[in-house]
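Participant: Using the hints, position chain B against chain A.
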Amino acid sequence: MTTTDPSATAPPQNRGKRRVGDVVFANTARGSGILILAILAGVAAFLIIQSSDSLAANTANFFTTESWEANTRENPAFGVAALAFGTVLAATIALVIATPVAIGIALFIVYYAPRRIAAVLGYMVDLLAAIPSVVYGLWGIGYLVFELQGFYDGLNTYLGWIPLFAGPVSTTGRTMLSAGIVLAVMILPIITAMSRDVFKQVPQGHQEAALAMGATRWEMIRMAVLPFGRPGVIGGAMLGLGRALGETMAVAMILSPALVISPFLLQSGNQTIAAHIALQYPEATGYGVSALIAAGLVLFAITLVVNMGARFVVARRKEFS
Amino acid sequence: MTTTTRPQSTGSAGDGPQAQRSIRGGSLPRYAPPAVLAVSALVASGALFALGSFHLVTAGLITAALYAVVVGAASATVENSRKAKDRLVTAVVYICFGTAMLPLVSLLATVVLEGITRLDGYFLTVSMNGVTPSMDAGGVYHAIVGTVAITGLAALISIPIGLFTAIYLVEYGRGRLAKAITFFVDVMTGIPSIVAGLFVVALWMALFGPGETNGAAGAVALSVLMIPVVVRSSEEMLRLVPQELREASYALGVPKWLTIVKVVLPTAVAGLTTGIMLALARVIGETAPLVLTAGSSAVAINWNLFNGQMMSLPVFIYSQVRMGGAVNMERAWAAALTLIAIVMLLFLAARLISRLFAPKLGR
Numbered sequence: 001m002t003t004t005d006p007s008a009t010a011p012p013q014n015r016g017k018r019r020v021g022d023v024v025f026a027n028t029a030r031g032s033g034i035l036i037l038a039i040l041a042g043v044a045a046f047l048i049i050q051s052s053d054s055l056a057a058n059t060a061n062f063f064t065t066e067s068w069e070a071n072t073r074e075n076p077a078f079g080v081a082a083l084a085f086g087t088v089l090a091a092t093i094a095l096v097i098a099t100p101v102a103i104g105i106a107l108f109i110v111y112y113a114p115r116r117i118a119a120v121l122g123y124m125v126d127l128l129a130a131i132p133s134v135v136y137g138l139w140g141i142g143y144l145v146f147e148l149q150g151f152y153d154g155l156n157t158y159l160g161w162i163p164l165f166a167g168p169v170s171t172t173g174r175t176m177l178s179a180g181i182v183l184a185v186m187i188l189p190i191i192t193a194m195s196r197d198v199f200k201q202v203p204q205g206h207q208e209a210a211l212a213m214g215a216t217r218w219e220m221i222r223m224a225v226l227p228f229g230r231p232g233v234i235g236g237a238m239l240g241l242g243r244a245l246g247e248t249m250a251v252a253m254i255l256s257p258a259l260v261i262s263p264f265l266l267q268s269g270n271q272t273i274a275a276h277i278a279l280q281y282p283e284a285t286g287y288g289v290s291a292l293i294a295a296g297l298v299l300f301a302i303t304l305v306v307n308m309g310a311r312f313v314v315a316r317r318k319e320f321s
Numbered sequence: 001m002t003t004t005t006r007p008q009s010t011g012s013a014g015d016g017p018q019a020q021r022s023i024r025g026g027s028l029p030r031y032a033p034p035a036v037l038a039v040s041a042l043v044a045s046g047a048l049f050a051l052g053s054f055h056l057v058t059a060g061l062i063t064a065a066l067y068a069v070v071v072g073a074a075s076a077t078v079e080n081s082r083k084a085k086d087r088l089v090t091a092v093v094y095i096c097f098g099t100a101m102l103p104l105v106s107l108l109a110t111v112v113l114e115g116i117t118r119l120d121g122y123f124l125t126v127s128m129n130g131v132t133p134s135m136d137a138g139g140v141y142h143a144i145v146g147t148v149a150i151t152g153l154a155a156l157i158s159i160p161i162g163l164f165t166a167i168y169l170v171e172y173g174r175g176r177l178a179k180a181i182t183f184f185v186d187v188m189t190g191i192p193s194i195v196a197g198l199f200v201v202a203l204w205m206a207l208f209g210p211g212e213t214n215g216a217a218g219a220v221a222l223s224v225l226m227i228p229v230v231v232r233s234s235e236e237m238l239r240l241v242p243q244e245l246r247e248a249s250y251a252l253g254v255p256k257w258l259t260i261v262k263v264v265l266p267t268a269v270a271g272l273t274t275g276i277m278l279a280l281a282r283v284i285g286e287t288a289p290l291v292l293t294a295g296s297s298a299v300a301i302n303w304n305l306f307n308g309q310m311m312s313l314p315v316f317i318y319s320q321v322r323m324g325g326a327v328n329m330e331r332a333w334a335a336a337l338t339l340i341a342i343v344m345l346l347f348l349a350a351r352l353i354s355r356l357f358a359p360k361l362g363r
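Chains A and B, in that order, give the protein sequences. FYI, in full-length UniProt numbering the residues of the first sequence are 1 to 321. FYI, in full-length UniProt numbering the residues of the second sequence are 1 to 363.
Next up, chain A with everything else stripped away, as it sits in the complex:
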């Protein structure tokens, strides 16, 4: 073993020529990565290019106009004000409903549920994420809106003095609140998964220290788990927000749309960008398609900002923990 082996000096000889297979394989791999960057750049580029001619022809202010008269070659006038408002409103409703419930579920799975069935219960929550959005839409319009009718009437009777719940209540149930509730169910598994992951990472020592001081389970969670998990929960909520902002089918099928800015959740009206695109596209003529692409660009920008914010929050937590 101690004798000078010729192979010990071999690597310097080999270093010069690289094997053909290695070169091809490495470049294919790198090429795929670069292709992904190209696709993403292409998404932005093509949306900008194809939306530019309708934006140039638009006779109204794109960001402050509520109406949508784009299906013409003569003086189109359209804007995303009402659509952007509706998008944010629907996503906000979903987030307000889903976040507390998701935190509760995550706590339940990590700290309350019996160990043996915790994994199965977690899997059941994940199942919610597997159901296609069009099926959520079908369930919403074919079942849920009828069930919610009584609840809405009650809400209006007792909380009608809050402007959000002012009447007259829609008789079809196809309202912003219905869409928001379905969106909340759809983003529940995303927020739950992120929260569950951070709650599992809470150092055992912190928890045991709290319990050793005589804290109840809730006090342990409040003092050790929630502060540690907060960035993860916020990141998960923002990812859920991103999903809710871009969700199309559930809203397109449930909401009875109107291009107005209306804060009344129990009346029909409002519309989101994504649903508007899906509903308008088949009938779009003139500048219509190009204008819808412009609306899509706005949606792309909004979700991009939200998702990058979420990644930033989550990544920063990783550095500290």
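Just so you know, these hints were derived from the structure itself, not from any lab. Just so we're clear, the structure is a prediction, and the values are computed from it rather than from any experiment. Where a beta carbon is used, it is the ideal one built from N, C-alpha and C, also for glycine. Treat the hints with caution; some may be incorrect.
Claimed, not checked - Listing some non-contacts, in silico: residues in chain B with all C-beta distances to chain A over 10 angstroms:
#1 29
#2 38
#3 68
#4 78
#5 118
#6 137
#7 245
#8 248
#9 249
Said to hold, decoys possible - With the C-beta cut set under 7 angstroms, the calculated list includes, among others, these residues of chain B facing chain A:
#10 190
#11 254
#12 257
Facilitator: Coordinates of chain B only, in the frame set by chain A:
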């Protein structure tokens, strides 16, 4: 709990001496919470029956609220406010989980009950060709064909790109390019599906002129959504392959690319397959991009991805709901049941594969 007969014992604190009991104060007997729950349920359903408006969900909600209030109040008087708060939070956490199960159970039950009436051999083997919307006939065969063709092409595009990117990130990726790819794959995960559809619309408009819809366009749109999912899951699986395996292979003089092909990929094959099937399950239900790219009015069987509109199961559901008649809703429910069955099969297969061929890590 084993030998003690004291009703105050909480079981968790162990048997303290008599002096400690006064410090701990009183505590609710162990049978109290379930008893309160049973009584709440009885009271809630009894009251609803008396009012003549019994509904399982309403009864459940009232029971939960009653339970939380009564247990909280009892604990506050017998025990102390801290324990009362703890019990209250426990109730709330359980309620949260129950609330989440509600839509899942309701959705699955509704789809199965409504869908089963129309789902039969006939429905699965005929198309909508020559069927008027309100006619009591027609089926989803053309939509199944479209879903298989479009998703198949999307998989054909996404799997190589996604897998090679994951290999690059794990085996080669150093420095700025790898960081940029990681970041932008994350960004790509968040692209709304409708935006992916619009991208292909814009691309096709530039390449083939306006109004060109075909299955291939739909497949490209689905690929934009599928690639990041494949990259993420494959990357995770490849990172699980132990470094020693690679080193052992290098030590035998095997080139790097052969090490990846012959050692790394076979070790991770179960995880990779699972990830790909989950990605497939995700895109197979996508509707919005297909409405924009593959069209929503095809009624005939079309196997050609490059010519003419192509129906798919999710778009079929959507367009039937838009028509709104009673027969249309029946078709939509049956198609939804078909779609959910396909997705669940993919999920089951994925879990089965990962369980049967799970990589053996460590020694």
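Participant: Compare the structure with each hint and give your call.
Facilitator: Okay, the hints, checked on the actual structure:
In this structure residue 29 (chain B) is separated from chain A by more than 10 angstroms, as the shortest Cβ-Cβ distance comes to about 18 angstroms. Under the 10 angstroms C-beta cut-off, the non-interface status given to residue 38 (chain B) relative to chain A holds; the minimum distance is some 20 angstroms. With a cut of 10 angstroms on Cβ distances, residue 68 (chain B) stays outside the contact zone with chain A, its closest approach being about 13 angstroms. Here residue 78 (chain B) stays apart from chain A, with its beta-carbon at least about 15 angstroms from theirs, past the 10 angstroms limit.
For residue 118 (chain B), the shortest C-beta to C-beta distance to chain A comes to about 13 angstroms, beyond the 10 angstroms cut-off, and the non-interface label holds. Interface exclusion of residue 137 (chain B) from chain A stands, the closest Cβ pair being 21 angstroms apart, more than 10 angstroms. At roughly 18 angstroms from the closest C-beta of chain A, the C-beta of residue 245 (chain B) stays outside 10 angstroms, upholding its exclusion from the interface. For residue 248 (chain B), the requirement that its beta carbon stay farther than 10 angstroms from each beta carbon of chain A is met, with the minimum near 17 angstroms.
At roughly 13 angstroms from the closest C-beta of chain A, the C-beta of residue 249 (chain B) stays outside 10 angstroms, upholding its exclusion from the interface. Against a cut-off of 7 angstroms between C-beta atoms, the interface hint on residue 190 (chain B) holds, since the closest Cβ of chain A lies about 3 angstroms away. Taking 7 angstroms as the C-beta contact cut-off toward chain A, the hint placing residue 254 (chain B) at the interface is violated, the least distance being around 11 angstroms. Below 7 angstroms, beta-carbon pairs count as interface contacts, and residue 257 (chain B) has one with chain A at about 4 angstroms; its hint therefore holds.
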